[in-house]
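Trainee: Here are the chains, one letter per residue:
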Amino acid sequence: MTAVATSAPAATAPPRRQRHNARETRAAYLFILPWIIGFLVFTVGSMVYSLVISFSNYNLATNTATPTGLSNYRGLLDDPKVLQSLKNTLVYALMAVPAEICFALLLASLLNRVTRGAGVFRTLYYLPKMTPSVATASMFLLLLNGNTGAVNSFLRFFHIPGPQWLVDPAWVKPSIVLMTLWGVSGTMVIFLAALKNVPRDLYEVAELDGAGPVRKFFSITVPMISGAIFFNVIVLTINALQVFDQAYLLFWRDQTNASPDSSLFYAVYLFQQAFRQFDFGFAAAMAWVLFVIVMLVTLVQVRVGNRFVYYEGEKSS
Amino acid sequence: MSVTRSVGVEDEPVGLELASPRGRRPWHQPRSLAVRGLLWVVLVAFACLFLYPFVWLLASSLKPRGQVFDNALIPKTFVFHNYVEVWQRLPLLHWLFNSVSIAVIAAGLVAVSSSVVAFGFAYFRFPGRNLLFGLVLATMMLPTAVTLVPQYLIWKDLGLIGTWVPLFGSNLFGSAFYIFLLRQFFLGVPRELFEAARIDGAGYFGLFWRIAMPLAVPAFLIVFVFEFQASWNNLQGALIYLNGGSPDGFTVPLGIAYAMTKFSPTNGGHGDYQFVMVAALLVTLPMLAVFAFAQRYFIEGVATQGRKG
Chain P
238 MTAVATSAPA ATAPPRRQRH NARETRAAYL FILPWIIGFL VFTVGSMVYS
288 LVISFSNYNL ATNTATPTGL SNYRGLLDDP KVLQSLKNTL VYALMAVPAE
338 ICFALLLASL LNRVTRGAGV FRTLYYLPKM TPSVATASMF LLLLNGNTGA
388 VNSFLRFFHI PGPQWLVDPA WVKPSIVLMT LWGVSGTMVI FLAALKNVPR
438 DLYEVAELDG AGPVRKFFSI TVPMISGAIF FNVIVLTINA LQVFDQAYLL
488 FWRDQTNASP DSSLFYAVYL FQQAFRQFDF GFAAAMAWVL FVIVMLVTLV
538 QVRVGNRFVY YEGEKSS
Chain G
43 MSVTRSVGVE DEPVGLELAS PRGRRPWHQP RSLAVRGLLW VVLVAFACLF
93 LYPFVWLLAS SLKPRGQVFD NALIPKTFVF HNYVEVWQRL PLLHWLFNSV
143 SIAVIAAGLV AVSSSVVAFG FAYFRFPGRN LLFGLVLATM MLPTAVTLVP
193 QYLIWKDLGL IGTWVPLFGS NLFGSAFYIF LLRQFFLGVP RELFEAARID
243 GAGYFGLFWR IAMPLAVPAF LIVFVFEFQA SWNNLQGALI YLNGGSPDGF
293 TVPLGIAYAM TKFSPTNGGH GDYQFVMVAA LLVTLPMLAV FAFAQRYFIE
343 GVATQGRKG
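Line by line, the protein sequences are chains P and G. Each number in this note's numbering comes from the position in the first sequence (counting from 1) with 237 added on. Each number in this note's numbering comes from the position in the second sequence (counting from 1) with 42 added on.
A portion of the hints provided could be inaccurate.
Unchecked claim - Restraint ranges, calculated between C-beta atoms of paired labels, are given here:
hint: 1; chain 1: P; residue 1: Thr-299; chain 2: G; residue 2: Ala-114; range: 33 to 41 angstroms
hint: 2; chain 1: P; residue 1: Val-442; chain 2: G; residue 2: Val-84; range: 21 to 29 angstroms
hint: 3; chain 1: P; residue 1: Asp-316; chain 2: G; residue 2: Val-97; range: 37 to 45 angstroms
hint: 4; chain 1: G; residue 1: Phe-120; chain 2: P; residue 2: Phe-515; range: 22 to 30 angstroms
hint: 5; chain 1: G; residue 1: Ser-143; chain 2: P; residue 2: Pro-406; range: 39 to 47 angstroms
hint: 6; chain 1: P; residue 1: Gly-312; chain 2: G; residue 2: Arg-240; range: 54 to 62 angstroms
hint: 7; chain 1: P; residue 1: Val-357; chain 2: G; residue 2: Thr-186; range: 29 to 37 angstroms
hint: 8; chain 1: G; residue 1: Val-97; chain 2: P; residue 2: Val-442; range: 39 to 47 angstroms
hint: 9; chain 1: P; residue 1: Val-451; chain 2: G; residue 2: Ala-87; range: 16 to 24 angstroms
hint: 10; chain 1: G; residue 1: Arg-233; chain 2: P; residue 2: Ile-274; range: 26 to 34 angstroms
hint: 11; chain 1: P; residue 1: Val-529; chain 2: G; residue 2: Val-84; range: 42 to 50 angstroms
hint: 12; chain 1: P; residue 1: Pro-304; chain 2: G; residue 2: Met-182; range: 25 to 33 angstroms
No lab work stands behind these hints: they were computed from the structure. Keep in mind it's a predicted model, so treat the numbers as computed, not measured. Using N, Cα and C, we set each Cβ at its ideal position, and we do this for glycine too.
Can you build the whole structure from these sequences, using the hints too?
Mentor: The structure is reproduced here in structure tokens:
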């Protein structure tokens, strides 16, 4: 951690007066050459290629792209499924991200309070994260079954009638959120690391002032780990906007889909357009719209987040 | 604030807190036995919640034909034969072989290439370094969907669709997050070590190979294990690049998705879904084995992620 803090100023300090050693420069570029090639081909090249395709009609048989101007983008607006899938994805992200943050923070706070056995619990909680998403989905297909699933049996025990999770359009997104929460431990571990770094004297001072646990949590813990919260929110949002595996496996694997409107997510529709319909132009246009949305959302989050995040470096004023 | 104070953990008199010897009790550990007990109960409850699907998976995998959708945790009859039959019904051995090979190649490639690049960024001072490293970080934000179609077309132009190469080819060029992670490790190596080696006549590659790499073995393992898992999990890539061929060529995720369709009750599978559960269990085990082996690296690796911001 200190490496980041100490290296950053050195790196940003203008080394203009410092002469770059030509031999060293040559060696350095040789070392980073693999990344430069990959960046040029797989990032820049791909993005340019994708942009060109998005403004054209790609013919798979002849391998040619005929320019068609904005027609793909106009097609996006005309296709109600695009808007539907976008809406579904945004609604899912709005549900999943806060739920994951709260649940992960709860688990991390609990784990942070025990010393004996903490490692065992941490390991047990981490196991779902190691389960391949196909295995998770095949399990939850049974667990979330409206009639015989374990989740509804559990609810029945408390006399709560459980919903038809995977069939009822209103419960499709909560179903996927539930699956996501089961594997929330990656986020939890990041919070746990952040919690361990909160200085204990802050709590002691607060205790002297008569602060209770709730007050301490919101006045000390949350501000002190705001960096980790911020990071997790951004990463989880980007992931949520691209959700594919769960939606594909639970709803779109075979074509007999019970609730097509509510379970169509953006990445799934994009995948279908590209690799089932082979309409690469349309898919590329969809990808660019997603790219712009992800960028905008991230930008807004960074703008808003920077106002609330406490960085240890800037203690003054 | 008497309401919040009555929760019980911190409501002892302040004087006692000051009197209690430091170090005997970790600061964050609750004092009273009752609270500690309650904490344990909650933690155990969550553990059960996290483990329950595995138990269910194991139980379902042992259920007889047609009963897999029944709501019973313990099967009425245990059909151990499911585990034998699944090998005949599904080419699991092929899938496992394909997935292990691809994951090892993918993880090996990305760990080596990312180390080389990371060392370049960590050790040398050269014009454009900050700009280029900024670009490395920026690529982490790029949604995979944007490059999905063009990358497919690139591999298609190279005639490599249906082979394993698209599933690990781009790993040859390093990966942004791993480059970042390894660079952090290399920055932590004292510069004097490198200078001493330089005086002893080591070349730049020698610095990397003999000084930096041996010290970065833990980070290297983190990268390897992370990428192994990512590759083991990669459903979308397999759907795009391997889906057309025969089931023998599938990877584990693609195979399970195929089995889910094949044995789905809506698809004439008549409740033979227990085979999916057996397969799901069998393909989870290797990952759990890797985790048991590299658990510490895994969790440390995840924990360092959050310190980026």
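Trainee: Take the hints in turn and mark each one as holding or not.
Mentor: Going down the list of hints, with the structure as the test:
no.	hint	verdict
1	P:Thr-299 / G:Ala-114: 33 to 41 angstroms	violated, 57 angstroms
2	P:Val-442 / G:Val-84: 21 to 29 angstroms	holds, 28 angstroms
3	P:Asp-316 / G:Val-97: 37 to 45 angstroms	holds, 44 angstroms
4	G:Phe-120 / P:Phe-515: 22 to 30 angstroms	violated, 47 angstroms
5	G:Ser-143 / P:Pro-406: 39 to 47 angstroms	holds, 41 angstroms
6	P:Gly-312 / G:Arg-240: 54 to 62 angstroms	holds, 60 angstroms
7	P:Val-357 / G:Thr-186: 29 to 37 angstroms	holds, 35 angstroms
8	G:Val-97 / P:Val-442: 39 to 47 angstroms	holds, 46 angstroms
9	P:Val-451 / G:Ala-87: 16 to 24 angstroms	holds, 21 angstroms
10	G:Arg-233 / P:Ile-274: 26 to 34 angstroms	holds, 29 angstroms
11	P:Val-529 / G:Val-84: 42 to 50 angstroms	holds, 43 angstroms
12	P:Pro-304 / G:Met-182: 25 to 33 angstroms	holds, 32 angstroms
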